[in-house]
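S.K.: For the protein sequence lines, the chains are R and G, in the order given. In this text, residue positions in the first sequence follow our numbering: the first is 12, and each later residue adds one. In this text, residue positions in the second sequence follow our numbering: the first is 16, and each later residue adds one.
Since no wrong hints were added, every one of them can be taken at face value.
Pair ranges (Cβ atoms, derived):
#	chain 1	residue 1	chain 2	residue 2	range
1	G	A323	R	N191	55 to 63 Å
2	G	A132	R	L28	50 to 58 Å
3	R	L78	G	R199	55 to 63 Å
4	G	E212	R	Q96	39 to 47 Å
5	G	D100	R	L78	34 to 42 Å
6	G	S45	R	L78	56 to 64 Å
7	R	Q101	G	S149	30 to 38 Å
8	R	P201	G	A132	20 to 28 Å
Think of the hints as simulated: they come from the structure by calculation, not from any bench. Using N, Cα and C, we set each Cβ at its ideal position, and we do this for glycine too.
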Amino acid sequence: MTKRRTWTYFLPYGLWLALFVIAPVALIVYQSFFDLGHHFTFSNYSTYFQSATYLKMTANSVWYAFLITLFTGLISYPTAYFIHQLKHRQFWLLLVILPTWINILLKAYAFIGIFSQAGLANQFLTFIGIGPQQILFTNASFIFVATYIQIPFMILPIYNALDDLNPAFVNASRDLGASNWQTFRHVIFPLTLPGVKAGVQAVFIPSLSLFMLTRLIGGNKVITLGTAIEEHFLTTMNWGMGSTIGVVLIIAMIIVMLLTGDQKSKGGTPR
Amino acid sequence: MTEPIITLRNVTKRYDSHTILKNINLTLESGKFYTLLGPSGCGKTTILRAIAGFMQVSEGDVLFAGKRINEVPANKRNVNTVFQDYALFPHMTVAENVAFGLTLKKVAKDEIAQRVAQALKLVQLADYGDRAISELSGGQQQRIAIARAIVMAPKVLLLDEPLSALDAKLRRQMQYELRDLQQRLGITFLFVTHDQEEALAMSDEIFVMNQGEILQSGSPVDIYDEPINHFVANFIGESNILPAKMIADFQVAFGGHQFECADAGIPDNEPVEVVIRPEDLTLTTLDQAKLTVTIDTQLFRGDYYEIAATDNLGNAWLIHSVNPAEDGETIGITFRPQDLHVMRFGEKEAEFDARLETYEELEDDDVDET
Numbered sequence: 012m013t014k015r016r017t018w019t020y021f022l023p024y025g026l027w028l029a030l031f032v033i034a035p036v037a038l039i040v041y042q043s044f045f046d047l048g049h050h051f052t053f054s055n056y057s058t059y060f061q062s063a064t065y066l067k068m069t070a071n072s073v074w075y076a077f078l079i080t081l082f083t084g085l086i087s088y089p090t091a092y093f094i095h096q097l098k099h100r101q102f103w104l105l106l107v108i109l110p111t112w113i114n115i116l117l118k119a120y121a122f123i124g125i126f127s128q129a130g131l132a133n134q135f136l137t138f139i140g141i142g143p144q145q146i147l148f149t150n151a152s153f154i155f156v157a158t159y160i161q162i163p164f165m166i167l168p169i170y171n172a173l174d175d176l177n178p179a180f181v182n183a184s185r186d187l188g189a190s191n192w193q194t195f196r197h198v199i200f201p202l203t204l205p206g207v208k209a210g211v212q213a214v215f216i217p218s219l220s221l222f223m224l225t226r227l228i229g230g231n232k233v234i235t236l237g238t239a240i241e242e243h244f245l246t247t248m249n250w251g252m253g254s255t256i257g258v259v260l261i262i263a264m265i266i267v268m269l270l271t272g273d274q275k276s277k278g279g280t281p282r
Numbered sequence: 016m017t018e019p020i021i022t023l024r025n026v027t028k029r030y031d032s033h034t035i036l037k038n039i040n041l042t043l044e045s046g047k048f049y050t051l052l053g054p055s056g057c058g059k060t061t062i063l064r065a066i067a068g069f070m071q072v073s074e075g076d077v078l079f080a081g082k083r084i085n086e087v088p089a090n091k092r093n094v095n096t097v098f099q100d101y102a103l104f105p106h107m108t109v110a111e112n113v114a115f116g117l118t119l120k121k122v123a124k125d126e127i128a129q130r131v132a133q134a135l136k137l138v139q140l141a142d143y144g145d146r147a148i149s150e151l152s153g154g155q156q157q158r159i160a161i162a163r164a165i166v167m168a169p170k171v172l173l174l175d176e177p178l179s180a181l182d183a184k185l186r187r188q189m190q191y192e193l194r195d196l197q198q199r200l201g202i203t204f205l206f207v208t209h210d211q212e213e214a215l216a217m218s219d220e221i222f223v224m225n226q227g228e229i230l231q232s233g234s235p236v237d238i239y240d241e242p243i244n245h246f247v248a249n250f251i252g253e254s255n256i257l258p259a260k261m262i263a264d265f266q267v268a269f270g271g272h273q274f275e276c277a278d279a280g281i282p283d284n285e286p287v288e289v290v291i292r293p294e295d296l297t298l299t300t301l302d303q304a305k306l307t308v309t310i311d312t313q314l315f316r317g318d319y320y321e322i323a324a325t326d327n328l329g330n331a332w333l334i335h336s337v338n339p340a341e342d343g344e345t346i347g348i349t350f351r352p353q354d355l356h357v358m359r360f361g362e363k364e365a366e367f368d369a370r371l372e373t374y375e376e377l378e379d380d381d382v383d384e385t
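Whenever a hint applies, use it, and build me the whole structure from the sequences.
M.R.: Okay, here's the thing in structure tokens:
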């Protein structure tokens, strides 16, 4: 009786899940086994894994996603740590979250303006005597903007992990003779690692399939898997191949999830 | 008298306009078991934090073995803390937790192993080194927290309500173990609790606190038998507190009668309060009664009956009696002069001690004359 009732509460989202998550994934997997002539085949997969272009693209995607995640992490952890010490932390956190309310396309266009030949960045470079440089459509600008966009999604889980950290652990560590740095290294960082992992999931996986930024900021010099999927579905109309890359991407995501997931380790880690 | 290991001199702590500690003075000698006792929010944990170094005092000095340590950071102080919620590092094993402080100190590996094993043995968890913290029960975590602190061989061990999360039976057992541990190690323990029973059972000396002040300090027996004021009498043990009037030395009036008592040095006719512990009251027949009461209710407590009664002036009485009474029965109660304790309003501890000294000498003189 009660069991059936709780089930009905789940119904609206269950439908959503079935229609817009499970069905599309099933469709992608299904499509990936058909070639352009709508014949069942494994050729898409064999093409993918035998083509140097696709493999390089995959490596590229992973490499750039890794770089974006790394830079995001390097900036986000100290920032989250710093904000957590501040008096008006809710306010500062709001400032961090604020950019996420603005559409990613708008932000991308804003950066096109800033990085363009006559943009603010080049005006500044001219002013200090370096002269205008090609900033837009470089790999560096792509990583810069992607990092900028991803930072809030890394700061939030780390901040929450820091917030959940019982201050008694820090006191206990100090009490046992640890300096600030030792306390951070042996207690604070290991105990907030779940927040970092959540942040990595939230940043690395979307970064794998970034395609808007690669075109607008990266000038299509960096071709990621996301770009390839878009091209296959919208330009070459090879849905089978696009789906295959999609499946590869989904598997990559699952692997990342497993790697960063919460393994219930038994006690301490040997050093 | 051994030299003081910890001294707080005129320590005050303010947060904004809020005063948490008001001019605290206390001295801890080495090798004794001290307890800070008081209701929550009285400032007892704040004192502990000031000694541990987690907090800076606003005024006054914190001294360790005669040296001022106000500015010494927590990690450089030779005191260790057992935290209320234990604060065992969940990402380390039991042995790694206990070894944490020694590892930081770069103690040799085999010495660490040996000292960790010894500490674990001391808290009777010798075989638990490889366990995860989450696998331990509350009582076991408690012991590991103690082991992690004592392995550092501190001069002073600070314990912040360490037993509050344990069930009643385990708490009693841990009281014995803590007391035993303190005596074996000879470390000064400063124990913080709001549980008067715990304080009375374990301490050499108790500091009773309320609203940021130390109201009274002394041995458990002194504090129980001679509470300085209404708050202390009420907080420690159960008590009957009645408004009274001092007639003369060793004569006090309450409940419409005059009684012999053991207190003196108070001006005649001063309004005072009298404390009588429920276990000092004896039920008796009406002709032998010092006071007559009517029984309201009684509860069987196992080893005694807790009887609530009212006298003819409407004062409520709490009596602990081995024998039951009848509800509604009118019965006599009696007590000895030394069971009465007179408390003056607003008397400070120093004045109280000085007054006690004057007439206790007087009593000694009486003895000499006879």
